[in-house]
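S.K.: Turn these sequences into a full structure, and let the hints guide you.
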Amino acid sequence: MTVFQTWDMDFALEHLPELLDAFVQFTLVATVLGSILAAVLGLLFAIIRRVRVPVLAPVVTVIVEFVRSTPIPIQLFFVFYGFPTIPGIGFNISAMTAGVLVLGVHYACYYAEVYRAGIESVPKGQWEACTALSIAPRYQWQRVVLPQAIRNVLPSLGNYVISMFKETPFLYVIGVTEMVTVAVTQIGGDAFRYTEVVTLAGLIFLAASYPAAVAMRKLEMRLGHA
Amino acid sequence: MATPETTTAYETTGARASGEPMIRFEEVLKKFGDLTVLENLDFDVAPGERVTLIGPSGSGKTTILRLLMTLETLTGGHIWVDGEPLWHMPKGDKLVPANEKYLRQVRKKIGMVFQQFNLFPNMTVLENVTEAPIRVLGKSRDEANEKGKELLERVGLEAKYEAHPSQLSGGQQQRVAIARALAMEPRVLLLDEVTAALDPELVAGVLNLLREIAETTDITMLIVTHEMHFARDVSHKVMMFDHGQVVEHGPPDKIFTDPDHDRTKAFLHAVIEER
Ligand SMILES: Nc1ncnc2c1ncn2[C@@H]1O[C@H](COP(=O)(O)OP(=O)(O)OP(=O)(O)O)[C@@H](O)[C@H]1O
Ligand SMILES: [Mg+2]
Numbered sequence: 001m002t003v004f005q006t007w008d009m010d011f012a013l014e015h016l017p018e019l020l021d022a023f024v025q026f027t028l029v030a031t032v033l034g035s036i037l038a039a040v041l042g043l044l045f046a047i048i049r050r051v052r053v054p055v056l057a058p059v060v061t062v063i064v065e066f067v068r069s070t071p072i073p074i075q076l077f078f079v080f081y082g083f084p085t086i087p088g089i090g091f092n093i094s095a096m097t098a099g100v101l102v103l104g105v106h107y108a109c110y111y112a113e114v115y116r117a118g119i120e121s122v123p124k125g126q127w128e129a130c131t132a133l134s135i136a137p138r139y140q141w142q143r144v145v146l147p148q149a150i151r152n153v154l155p156s157l158g159n160y161v162i163s164m165f166k167e168t169p170f171l172y173v174i175g176v177t178e179m180v181t182v183a184v185t186q187i188g189g190d191a192f193r194y195t196e197v198v199t200l201a202g203l204i205f206l207a208a209s210y211p212a213a214v215a216m217r218k219l220e221m222r223l224g225h226a
Numbered sequence: 001m002a003t004p005e006t007t008t009a010y011e012t013t014g015a016r017a018s019g020e021p022m023i024r025f026e027e028v029l030k031k032f033g034d035l036t037v038l039e040n041l042d043f044d045v046a047p048g049e050r051v052t053l054i055g056p057s058g059s060g061k062t063t064i065l066r067l068l069m070t071l072e073t074l075t076g077g078h079i080w081v082d083g084e085p086l087w088h089m090p091k092g093d094k095l096v097p098a099n100e101k102y103l104r105q106v107r108k109k110i111g112m113v114f115q116q117f118n119l120f121p122n123m124t125v126l127e128n129v130t131e132a133p134i135r136v137l138g139k140s141r142d143e144a145n146e147k148g149k150e151l152l153e154r155v156g157l158e159a160k161y162e163a164h165p166s167q168l169s170g171g172q173q174q175r176v177a178i179a180r181a182l183a184m185e186p187r188v189l190l191l192d193e194v195t196a197a198l199d200p201e202l203v204a205g206v207l208n209l210l211r212e213i214a215e216t217t218d219i220t221m222l223i224v225t226h227e228m229h230f231a232r233d234v235s236h237k238v239m240m241f242d243h244g245q246v247v248e249h250g251p252p253d254k255i256f257t258d259p260d261h262d263r264t265k266a267f268l269h270a271v272i273e274e275r
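Listed in order, the protein sequences are those of chains C and W. Heads up, the first sequence is in our numbering, so the first residue is 1 and it goes up one at a time. Heads up, the second sequence is in our numbering, so the first residue is 1 and it goes up one at a time.
Calculated directly from the structure, the hints in this document are not laboratory data. Predicted model only: the values in this text are computed from it and were never measured. Among the hints, erroneous ones may be present.
[As the list claims (entries may be wrong)] Calculated cross-link-like contacts (lysine-lysine; reagent style BS3-like; alpha-carbon spacing at most 27 Å):
no., chain 1, residue 1, chain 2, residue 2
1, W, Lys101, C, Lys124
2, C, Lys124, W, Lys160
3, C, Lys124, W, Lys31
[To be verified] So, partial list: chain C residues that the calculated Cβ filter (under 7 Å) puts toward chain W:
no., residue
4, Glu128
5, Leu133
6, Ser134
7, Val144
8, Pro147
9, Gln148
[To be verified] Cβ-to-Cβ under 7 Å is the rule here; a few derived chain C residues that face chain W:
no., residue
10, Ala95
11, Ala132
12, Ile135
13, Tyr139
Just so it is clear, CB atoms sit at the ideal spot from N, CA and C, and this is done for glycine as well.
M.R.: Right under this line is the structure:
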């Protein structure tokens with residue numbers, strides 16, 4: 001493959017819709033669903049560890065350690081090819097489902113840390129005020145602690161969404177036809193021209209993540225000065 | 001100011017015909033690790049009585065209030081609130097350590113106002129005052145709002161229902177905190193140096209509000225303050241602490257003008273010098 005070819009504008013424009021299509025259908029959808037899963041699961045992990053729920057807390061610790069010490073492609077392989085073969089509990093899942101699950105659980109482990117920091121940033125006096133008002137633990141979390149904790153860590157959560165977004169090309173290893181796969185193996189492979197489509201894919205990533213990163217920095221500054 | 005029917009702190013049974021004291025400390029022991037903060041502490045507070053705790057820094061005043069609010073755990077002895085054991089629950093004819101649910105039930109009778117206000121910054125002023133009545137007392141939102149507005153009006157904040165705590169002065173925040181505590185209709189109100197974090201010009205307003213509440217309600221109050229004029233005005237009894245022990249106690253006129261103990265004299269002298 002020769003990377004440095006002359007730029008063919010027609011070829012680029014011709015394939016732009018295919019790239020955008022794959023971008024929306026797989027890259028964006030995987031990021032959105034993965035982030036939602038990560039946000040919910042991460043919160044559960046953080047609360048389970050903070051409250052030290054028996055049995056569950058050590059399980060979460062094991063999951064977190066496992067996820068954080070293995071690379072995403074291995075986890076994708078394991079879930080997509082390995083999980084269906086487990087006797088008794090395994091069943092077939094689509095590549096996209098496996099991808100969303102892995103990204104979601106993977107990032108849940110990082111989100112859990114972020115939430116933990118957020119929960120710790122809520123002053124002790126807030127908990128004490130809840131006790132003094134006899135507010136039940138459920139409402140202490142729901143109405144007092146989490147709204148403040150999440151607000152404090154919103155920028156960090158947002159930055160992890162951006163970083164998950166940039167890791168969606170890994171879904172390639174289990175055959176999800178996300179944008180980079182389409183660019184490299186489908187369009188590029190068929191025409192033996194890579195420059196335009198790979199550049200376009202890069203630009204699309206840049207166009208989406210750069211403004212998001214700037215927005216997060218702004219949010220961080222606003223919250224910091226609040 | 002009316003004197004309650006009893007100021008006898010140490011008699012073991014309430015002097016009132018109706019019986020029990022509102023608060024009773026019985027051989028209370030509190031340790032932080034190896035540090036013994038309260039030891040063998042006994043005292044009673046009658047219903048409706050307002051008691052000011054004075055004493056040098058570190059003598060255990062805050063610890064007493066925090067034990068009552070269940071913000072610290074009791075190391076030994078018993079605390080009774082309105083006839084019920086606070087840290088223990090009856091099981092058969094024995095007392096066993098209280099569980100969380102029981103604790104929550106008993107401490108509903110107690111409210112606390114903190115030095116640092118501890119308002120909920122994510123809620124409006126009105127929400128701060130209505131949150132617990134809705135979630136804990138099960139009031140409807142309308143009912144809680146109505147009562148909340150009434151209380152906020154009483155503390156002089158009728159124009160600030162929709163404001164957030166960060167938009168208020170320290171004095172206003174503390175008024176909201178007082179309204180928030182009163183909204184739970186406590187039998188006992190604990191006030192721990194509630195004006196200590198305020199700018200000097202805001203102190204008088206908050207103290208006057210507390211004077212007004214003292215005059216118009218029969219809430220039992222335990223007050224920790226360095227505002228000796230205020231203590232003299234509102235309290236039926238002053239208890240002087242040192243090293244987790246009651247040095248002496250009596251009506252404010254007696255303690256402030258003619259205390260029996262040298263330690264009380266020295267302490268009062270130091271406090272007055274400071275001002
Ligand atoms: N959480 C804690 N851990 C360890 N020691 C503590 C803790 N809280 C209080 N103490 C100690 O207990 C003692 C009594 O403290 P407390 O706050 O009750 O005193 P205080 O009478 O309220 O003093 P001040 O007038 O300074 O507020 C002090 O020696 C203090 O250092
Ligand atoms: Mg104190």
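S.K.: Report holds or violated for the interface hint on alanine 95 of chain C, using the least CB-CB distance to chain W and a cut-off of 7 Å.
M.R.: At 41 Å from the nearest chain W Cβ, alanine 95 of chain C fails the 7 Å test, so the hint is violated.
S.K.: Double-check proline 147 of chain C for me: the hint is only fine if its C-beta lies closer than 7 Å to a C-beta in chain W.
M.R.: Holds, because the Cβ-Cβ distance from proline 147 of chain C to chain W comes to roughly 4 Å (cut-off 7 Å).
S.K.: Taking 7 Å as the limit, does the beta-carbon of glutamine 148 of chain C come near enough to a beta-carbon in chain W?
M.R.: Result: holds, 5 Å to nearest chain W Cβ.
S.K.: Verify the interface restraint on valine 144 of chain C: the C-beta must sit less than 7 Å from at least one C-beta of chain W.
M.R.: Result: holds, 6 Å to nearest chain W Cβ.
S.K.: Does the nearest C-beta of chain W fall within a distance shorter than 7 Å of the C-beta of glutamate 128 of chain C?
M.R.: holds, 5 Å
S.K.: Going straight from one Cα to the other, do lysine 124 of chain C and lysine 31 of chain W come out at no more than 27 Å?
M.R.: OK: lysine 124 of chain C and lysine 31 of chain W at ~20 Å, within 27 Å.
S.K.: Interface hint check: leucine 133 of chain C, Cβ to nearest Cβ on chain W, cutoff 7 Å. Holds or violated?
M.R.: holds, 4 Å
S.K.: Does the closest beta carbon of chain W sit nearer than 7 Å to the beta carbon of alanine 132 of chain C?
M.R.: holds, 4 Å
S.K.: So, as I understand it, the hint says serine 134 of chain C touches chain W; can you test that by seeing if any CB pair is closer than 7 Å?
M.R.: holds, 5 Å
S.K.: Does lysine 160 of chain W lie within 27 Å of lysine 124 of chain C when you go C-alpha to C-alpha?
M.R.: holds, 26 Å
S.K.: Would the hint on isoleucine 135 of chain C stand, with a C-beta cut-off of 7 Å toward chain W?
M.R.: It holds, given that the least Cβ distance between isoleucine 135 of chain C and chain W is near 6 Å, below 7 Å.
S.K.: Are the Cα atoms of lysine 101 of chain W and lysine 124 of chain C separated by 27 Å or less?
M.R.: holds, 21 Å
In the structure shown, a violation is registered for the earlier hint numbered 10 alone.
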